[in-house]
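Participant: Here is how the chains run, residue by residue.
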Amino acid sequence: MSVALQLGIIVGYLLLALAVGLVAYRMTDRTSSGEMLGDRFGSKRLRGLIAGISLLYLFPYVMLQQVGAGTALQSLTEGAIPYAAGAGLITAFMILYVVVAGMRGIAWTDTLQGAFMLVTTWVATIWVLSAVGGPGAATEAVASTAATADFLSLGSDYYTPQWMLSTAITIGFGVAMFPQVNQRFFAAGSKTVLKRSFALWPILCVLLFVPSFMLGAWAAGLEVAVPEGENVLPAVLAAYTPTWFAALVIAGAMAAMMSSSDSMLLSGSSYFTRDLYRPFVDRSISERREDFLARSGVVIFASTAFVASLVTPGTLFELGDAAFSGFAQLALPVLVALYWRRTTRTGITAGILLSQAFYLGNLFLEPIVAALEFMTIVPILGELIPLLIGLLTLVLRGTYMGWTAGIVGMGVGLLVTVAVSLVTTPAADERRAIYFERLGAD
Amino acid sequence: MRRLQLLGWTAVGTVLCALAVPWFLWGDSTVVAGLPLWLWWHVGWMGLASVVFWLFAQRAWGIGIEPGREGDSSDANGSETSGLEHGDRSSRPATGGDRP
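Residue numbers (the numbering used here), protein chains in the order written: chain A, 1028 to 1469; chain B, 0 to 99.
Just chain A, same shape as in the assembly:
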């Protein structure tokens, strides 16, 4: 079950390495994809649009970390630390990290947290396996239980090839558009470092994901009871390892969660100040004030996400999927703009807007329909509502022959960007040369 999901993620990372490689070099000297495209198309609004969309999807991603930490701590302590307290704790830490440490601190903590997570995952796997008699025995247990026998085969009725490809591709392209990944790659400075990370990426993915998802699959075969809506890892650790060790692993996982969310919050805050506040509200803002604004932005953003994760936890996967696919909608219009001279401002703006509308419409179909039904009380307009609802539910169907809305939306973005660019002419202040003649530096 989780096996297929994990596989999807790993394929995604392979695609990611390719996608990031393609994007990274064209973006030198700029700190965000919004800034890069804003420069190229001479458009403040386009820059703001991309920053706004990025902040929108950062929100469920930060929630993902909070929900994850809340449920993990709750099940590890068997309810002594309630969900809300766990989620609150990680929120407090995220804020503390960003507000106190800033970018330099984050680069160091990221490395340490990542290494800690990798080591604890492997020790946990070896520990559990030695307790149950090795991987052969653990796999045997999965295969011999009727309910889990098909966990070992590749794919299932639910995890179809379409589903797996959709997941892999949206994750791959989504991650490439994640603000902190974007910014980290541009900041990599040294080509040697970038090349080395590129080559090591697939190996690190395997080292991290294979043991963690096999632990999940083995746990199912060993009949470790996982309470509804909770994580499997704390349960399997509680069953086979001492409490202090389980606590250490959970700490490792939380550290890793924090390491991604603190960088996200930091990138998010720079998107907010540089791409939204400065161009639209106050161009002459002082550095000190901008810094203050960025930090308060982080506090507000993280706290709001915390409140949201208390009210609508959703499942972890749904939240993550929403964030990955949402960012993935940006990838193809951006790639087209980077590689195709004929891309116009109208083209890329239409591509981004329509694919976002399509994807968000799919995500929020129910509330949209409910809102429309409410509108039927309005005279005249009310008569058109059933037609509108019929049309919406016809277009927005969640999955399309097994393919997810995320991947279909990517296709919409690509088609619209290309088609609209072909029928429009570039605006006078566009700087088409910027990626093609290397004259772009201000």
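Treat the hints with care, since some could be wrong.
[Said to hold, decoys possible] Some residues of chain A that are not near chain B, with every Cβ distance over 12 Å (derived):
id : residue
1  : LEU1343
2  : LEU1381
3  : LEU1387
[What the hints assert, rightly or not] Once the Cα atoms are required to be at most 25 Å apart in a straight line, the calculated SDA-like pairs of lysine to any residue come out as:
id : chain 1 : residue 1 : chain 2 : residue 2
4  : A       : LYS1222   : B       : ARG58
5  : A       : LYS1222   : B       : VAL42
6  : A       : LYS1218   : B       : GLY46
7  : A       : LYS1222   : A       : SER1287
8  : A       : LYS1218   : B       : ALA59
9  : A       : LYS1218   : B       : ALA56
10 : A       : LYS1218   : B       : ILE62
11 : A       : LYS1071   : A       : LEU1441
12 : A       : LYS1222   : B       : LEU6
[Said to hold, decoys possible] Here are some chain A residues pointing at chain B (derived, C-beta under 8 Å):
id : residue
13 : GLY1163
14 : LEU1179
15 : PHE1225
16 : LEU1227
17 : VAL1237
Don't read these hints as lab results, they were simulated from the structure. Keep in mind it's a predicted model, so treat the numbers as computed, not measured. We treat Cβ as the ideally placed atom computed from N, Cα and C, and that holds for glycine.
Once you have looked at the hints, place chain B on chain A.
Facilitator: Relative to chain A, chain B alone:
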């Protein structure tokens, strides 16, 4: 020459993406040494991917990404067209790998 090289790397990238999932083992639950066979394939394939990425980084870094990598900036016209052409093709490994 550069064009040929680009086509070659495009093909390699496409195959690398397309076979990251062993489609020919679909529905197969053969277990080898305690892990499903398809998982072994995947582990091995990622190892291969790492080697290919390393080779690419050593020999062809920047192909289709940095226009005029070998030329200098005075050759603005030439690098402009090559950048466009390479760009068109180099976006393929990513999208091409999507639907094998």
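Participant: For every hint, state whether the structure bears it out.
Facilitator: Taking the hints in turn, this is what the structure says about them:
1. LEU1343: The assertion about LEU1343 of chain A holds, with a minimum of 23 Å to chain B.
2. LEU1381: holds, 18 Å
3. LEU1387: holds, 22 Å
4. A:LYS1222 / B:ARG58: holds, 11 Å
5. A:LYS1222 / B:VAL42: holds, 21 Å
6. A:LYS1218 / B:GLY46: Distance of about 22 Å is within 25 Å: holds.
7. A:LYS1222 / A:SER1287: Given pair LYS1222 of chain A, SER1287 of chain A holds - Cα atoms ~22 Å apart, limit 25 Å.
8. A:LYS1218 / B:ALA59: Holds, at about 13 Å.
9. A:LYS1218 / B:ALA56: holds, 10 Å
10. A:LYS1218 / B:ILE62: holds, 14 Å
11. A:LYS1071 / A:LEU1441: holds, 22 Å
12. A:LYS1222 / B:LEU6: holds, 21 Å
13. GLY1163: Since the shortest Cβ distance to chain B is 4 Å, the answer is holds.
14. LEU1179: At about 4 Å, which falls below the 8 Å cut-off, the nearest Cβ of chain B leaves the hint on LEU1179 of chain A intact, so it holds.
15. PHE1225: Cβ of PHE1225 of chain A sits 5 Å from chain B, so the hint holds.
16. LEU1227: Holds. Min distance 7 Å.
17. VAL1237: Hint on VAL1237 of chain A: holds, closest Cβ of chain B at ~6 Å, below 8 Å.
In this structure, none of the earlier numbered hints is contradicted; all agree with it.
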